[in-house]
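Asks: Protein sequences appear in the order of chains A and B. Under the numbering used here, think of the first position of the first sequence as 62, with each following residue one higher. Under the numbering used here, think of the first position of the second sequence as 62, with each following residue one higher.
Hints are computed from structural coordinates only; laboratory data are not their basis. Computed from a predicted model, the values in this text were never measured in an experiment. Just so you know, even glycine gets a beta-carbon here, dropped at the ideal spot from N, CA and C. Check the hints yourself; a few may be wrong.
Interface residues of chain B toward chain A, partial, derived using beta-carbon atoms under 8 Å [as the list claims (entries may be wrong)]:
{"id": "1", "residue": "V237"}
{"id": "2", "residue": "A295"}
{"id": "3", "residue": "V297"}
{"id": "4", "residue": "Y300"}
{"id": "5", "residue": "S336"}
{"id": "6", "residue": "N348"}
{"id": "7", "residue": "Q352"}
{"id": "8", "residue": "A365"}
{"id": "9", "residue": "E366"}
{"id": "10", "residue": "T368"}
Number of protein chains: 2
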Amino acid sequence: MVDSTEAVPPGTGPPEVNTKDEDSAVQHRAFVEALIPKFKLERLLNQALLVIERAALPSKPNVVSQFLEHIHTTTNLGANDIYHWYMANHRSQSTTLSPGSPSDLKLNLIYPCTEKHIRKYSAQRIHMVHETSQIYSKHISPFIDRERSSGRLNWMYNIIEGRSEQEDVILRSHEVSKAEEGFLLLPDLNWDRETIDALHLLAIVERRDIASLRDLQKQHVDWLRTMQKKVLQATVDLYGDRGIEEDGLKLYVHYHPTYYHFHIHVVNVMLEAGSTQAVGKAFGLENLISQLELMGGGPSNGFAELTLTYGLGEESELWRKIFKPLKEGKLMP
Amino acid sequence: MVDSTEAVPPGTGPPEVNTKDEDSAVQHRAFVEALIPKFKLERLLNQALLVIERAALPSKPNVVSQFLEHIHTTTNLGANDIYHWYMANHRSQSTTLSPGSPSDLKLNLIYPCTEKHIRKYSAQRIHMVHETSQIYSKHISPFIDRERSSGRLNWMYNIIEGRSEQEDVILRSHEVSKAEEGFLLLPDLNWDRETIDALHLLAIVERRDIASLRDLQKQHVDWLRTMQKKVLQATVDLYGDRGIEEDGLKLYVHYHPTYYHFHIHVVNVMLEAGSTQAVGKAFGLENLISQLELMGGGPSNGFAELTLTYGLGEESELWRKIFKPLKEGKLMP
């Protein structure tokens with residue numbers, strides 16, 4: 062908290078500003094400028110009385126090249142197929158790093174990468190699109206089926222069946238009599254696997270019949286509640302000794318997800334919300350359950366009926382193959 | 062895009078890592094370290110092959126004090142009651158600012174501030190809570206009524222009725238014959254009012270009978286659609302010449318909102334998603350409309366029936382007055 066009582070006695074405000082009066086505007090500016098350096102740090106707030114935004118990361122080619130040259134102390138976190146994760150440090154020319162300093166960079170290396178990866182990560186314009194139930198059933202659902210049958214989920218099935226990446230499986234919950242409720246906990250790509258305030262896990266269900274939230278129906282409400290309870294409990298069992306409680310965890314799912322096999326994101330509520338939690342992309346699991354319960358119709362009614370609105374990059378397959386042709390009238394809804 | 066073909070011939074990967082074998086792990090690390098400085102900048106991606114996270118803002122008292130001493134060129138953006146907004150620059154000791162440089166800081170000053178403001182902005186633990194329909198009707202709805210009747214919305218009514226802050230009103234849409242569809246567009250507190258990629262407006266409806274999304278019912282579907290259309294159109298009319306199109310805008314509402322008078326957030330989809338767009342807090346307007354449509358029951362059925370799950374800081378009134386006593390069994394649900 063910043064205490065300004067030294068600079069301004071309580072009850073007096075900044076001089077009145079009359080925007081039509083240049084003199085008083087100048088006076089006011091002088092008053093504020095004089096006030097700020099006199100703020101006395103009393104205790105630290107999250108960010109508010111003084112909101113400070115950092116400059117963007119370097120983007121000029123020569124600055125980026127310089128930046129890359131000073132990355133060092135790379136530590137491997139793990140790998141899966143073409144995806145490799147590292148912690149690293151960046152040394153600016155003027156400072157030397159004391160041994161044992163915490164890493165200040167996280168690197169995600171995709172090697173070898175394809176044109177599709179490059180498109181996904183390229184700076185690109187984003188369009189909001191409306192995926193109606195009609196567009197879903199006619200265009201999106203077949204697209205998802207093609208994705209699923211093309212072998213792109215094999216790496217996921219390999220993990221579920223214990224054939225690969227077992228060193229990354231944090232927990233496997235499986236009862237033979239309740240195969241439907243089996244799931245695995247893995248660290249999310251974006252978690253450094255250490256910082257508990259940034260905890261980010263994925264709960265991957267064993268059942269294979271749910272490609273995305275579009276497949277969730279009223280009949281899944283009990284199953285979803287059970288999964289929610291089990292995932293929360295498992296996470297608390299694992300990280301309770303590091304301060305994690307059930308009401309300190311946020312559960313959500315993505316639409317569209319990165320891969321079409323149902324999985325739940327589990328994050329520490331203290332984690333700063335970024336694009337992974339953005340409205341339009343992320344749906345709170347418990348809000349989804351409540352929404353399903355209140356839907357009209359029978360047990361097979363569900364999210365296939367919704368209109369979902371979300372942003373798509375111009376380089377994404379969904380934009381190029383479906384929504385761009387729809388917008389241009391080259392494809393019928 | 063970062064091209065690594067100089068460092069690694071296509072088709073060859075990093076050496077296999079056997080985590081049990083220290084030597085090969087060291088070899089692998091050396092390989093990666095050698096690789097990174099040789100990355101050649103080809104074109105810039107959004108962030109992915111190399112995810113770089115900045116260090117946090119200063120929090121040590123002496124560093125913060127130093128930081129504050131170097132804030133200058135403060136420019137007033139506007140004010141409303143106790144809230145004042147400024148753009149400013151920060152001069153580190155080693156650099157001099159060339160005239161006309163863009164501002165690199167935005168300051169929100171609350172003066173004079175109350176204990177409630179201090180609580181709101183204090184670093185605090187967050188709890189996920191489940192607001193059931195029962196908790197809503199028994200505890201939250203009366204809380205909202207008290208907030209609304211305590212005069213805390215007077216500043217909002219003053220704006221709507223044209224008595225104050227008119228210089229901030231970007232647009233007023235009002236047809237006498239359709240009073241229900243009237244709304245005002247204002248800049249959000251977090252927008253610098255210049256950067257079009259960060260465009261963030263608030264559409265404040267003129268009608269006063271909707272305190273929050275909890276009051277939205279099936280009978281409001283047509284009205285919501287009309288508002289959505291009008292708000293999008295108005296924003297494109299205003300900013301179309303700066304590149305804004307309808308499908309470049311994201312509309313959402315907050316629950317809980319900062320004040321209990323229905324308003325819609327309008328942001329550029331290019332704006333990096335932060336806590337204002339976080340799942341649990343932000344609800345896409347069009348998804349809400351679709352959800353209402355598919356709800357069972359008659360026209361007065363609506364979001365009062367939902368269970369809503371969201372995070373609350375320990376210093377918030379809702380936590381201290383309602384959810385903490387509920388958790389401790391001192392209040393009945």
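Asks: Taking the hints in turn, state whether each one holds.
Replies: Hint-by-hint comparison with the structure:
no.	hint	result
1	V237	30 Å, violated
2	A295	16 Å, violated
3	V297	13 Å, violated
4	Y300	15 Å, violated
5	S336	5 Å, holds
6	N348	6 Å, holds
7	Q352	6 Å, holds
8	A365	11 Å, violated
9	E366	6 Å, holds
10	T368	4 Å, holds
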